[in-house]
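Trainee: Here is how the chains run, residue by residue.
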Amino acid sequence: EVQLLESGGDLVQPGGSLRLSCAASGFSFSSYAMTWVRQAPGKGLEWVSAISSSGGSTFYTDSVKGRFTISRDLSKNTVNLQMHSLRAEDTAIYYCAKVGDPSALLLYYFDDWGQGTLVTVSS
Amino acid sequence: DIQMTQSPSTLSASIGDRVTITCRASQSISTWLAWYQQKSGKAPKLLLYDASNLESGVPSRFSGSGSGTYFTLTISSLQPDDFATYYCQQYKSYSPWTFGQGTKVEIK
Numbered sequence: 001e002v003q004l005l006e007s008g009g010d011l012v013q014p015g016g017s018l019r020l021s022c023a024a025s026g027f028s029f030s031s032y033a034m035t036w037v038r039q040a041p042g043k044g045l046e047w048v049s050a051i052s053s054s055g056g057s058t059f060y061t062d063s064v065k066g067r068f069t070i071s072r073d074l075s076k077n078t079v080n081l082q083m084h085s086l087r088a089e090d091t092a093i094y095y096c097a098k099v100g101d102p103s104a105l106l107l108y109y110f111d112d113w114g115q116g117t118l119v120t121v122s123s
Numbered sequence: 001d002i003q004m005t006q007s008p009s010t011l012s013a014s015i016g017d018r019v020t021i022t023c024r025a026s027q028s029i030s031t032w033l034a035w036y037q038q039k040s041g042k043a044p045k046l047l048l049y050d051a052s053n054l055e056s057g058v059p060s061r062f063s064g065s066g067s068g069t070y071f072t073l074t075i076s077s078l079q080p081d082d083f084a085t086y087y088c089q090q091y092k093s094y095s096p097w098t099f100g101q102g103t104k105v106e107i108k
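Same order as they appear, the protein sequences are chains A and B.
Numbering (the working numbering) for the first sequence: 1 to 123.
Numbering (the working numbering) for the second sequence: 1 to 108.
I should point out that these hints are in silico values taken from the structure, not numbers from a laboratory.
Hints should not be assumed to be uniformly reliable.
Unchecked claim - Capping the alpha-carbon separation at 25 Å, the derived lysine-lysine pairs in PhoX-like fashion look like this:
(1) B:Lys39 x A:Lys43
(2) A:Lys65 x B:Lys39
(3) B:Lys42 x A:Lys43
(4) A:Lys43 x B:Lys108
(5) B:Lys104 x B:Lys42
(6) A:Lys65 x B:Lys108
(7) B:Lys104 x A:Lys65
(8) A:Lys76 x B:Lys108
In this text the structure is predicted, and so the values were computed from the model without any measurement.
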């Protein structure tokens, strides 16, 4: 059974930093790209960042480029999202998700999701 | 960026109704489209991918169709467990990957 367990969400002041982690189990972690998707309170889903299976390629939505960094640790089966210069508009539940097709080149849909971790940016 | 537009935003229906949700892309995405269901306070759940392929374990009352810029999600006979918000998502390469704004299916 695939399990994705996010952690690291917290209340942080504007301009602050936070590191989210996602512990993965139940599948061949090194074979799948991984992603972060967020959902602001009462709003829809927004894709944030993705990382290829090897970690060699990373992708970001424009609003977080230069502020967020995605990484993965193949020895620990974790994917991380380092967030800097946080803004009020970054307030959201952040979901870690597994890309559905291990062979797809950038054809990323998401077949397993964690329960999410809440990031609140407020003074 | 490819914009995804769902309609309606809210849908009121009764148990047993046939329900159809529409998703339009701002440019052609072939059949690179997924549908998700999200219940209140829960993570999204993948229902269909490649526009019409049913994810394992998803009831057969869910079906998807379309290609290019026009797609539909149909629930053939609405069940109590189906009241939720539904999202489409395009994954035509890295555009970036974008979701529709969601369609909430409510009890009539």
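Trainee: Each hint should be assessed against the structure and marked as holding or not.
Mentor: Against the structure, the hints come out as follows:
1. The suggested pairing of B:Lys39 with A:Lys43 holds, with an alpha-carbon distance near 13 Å, which does not exceed 25 Å.
2. Only pairs whose Cα atoms come within 25 Å are accepted, and A:Lys65 paired with B:Lys39 is rejected, the gap being roughly 30 Å.
3. As the CA atoms of B:Lys42 and A:Lys43 are separated by approximately 13 Å, the hinted pair is consistent with the 25 Å bound.
4. This hinted pair checks out: A:Lys43 and B:Lys108 have alpha carbons roughly 23 Å apart, not beyond 25 Å.
5. The suggested pairing of B:Lys104 with B:Lys42 holds, with an alpha-carbon distance near 14 Å, which does not exceed 25 Å.
6. For the proposed pair A:Lys65 and B:Lys108, the alpha carbon gap of about 43 Å is over 25 Å, so the pair is violated.
7. Our distance criterion of 25 Å between C-alpha atoms is broken by B:Lys104 and A:Lys65, whose separation comes to about 31 Å.
8. Taking the CA atoms of A:Lys76 and B:Lys108, the gap is near 48 Å; set against the 25 Å cutoff, the hint is violated.
The structure is inconsistent with the numbered hints 2, 6, 7 and 8, although it conforms to all the rest.
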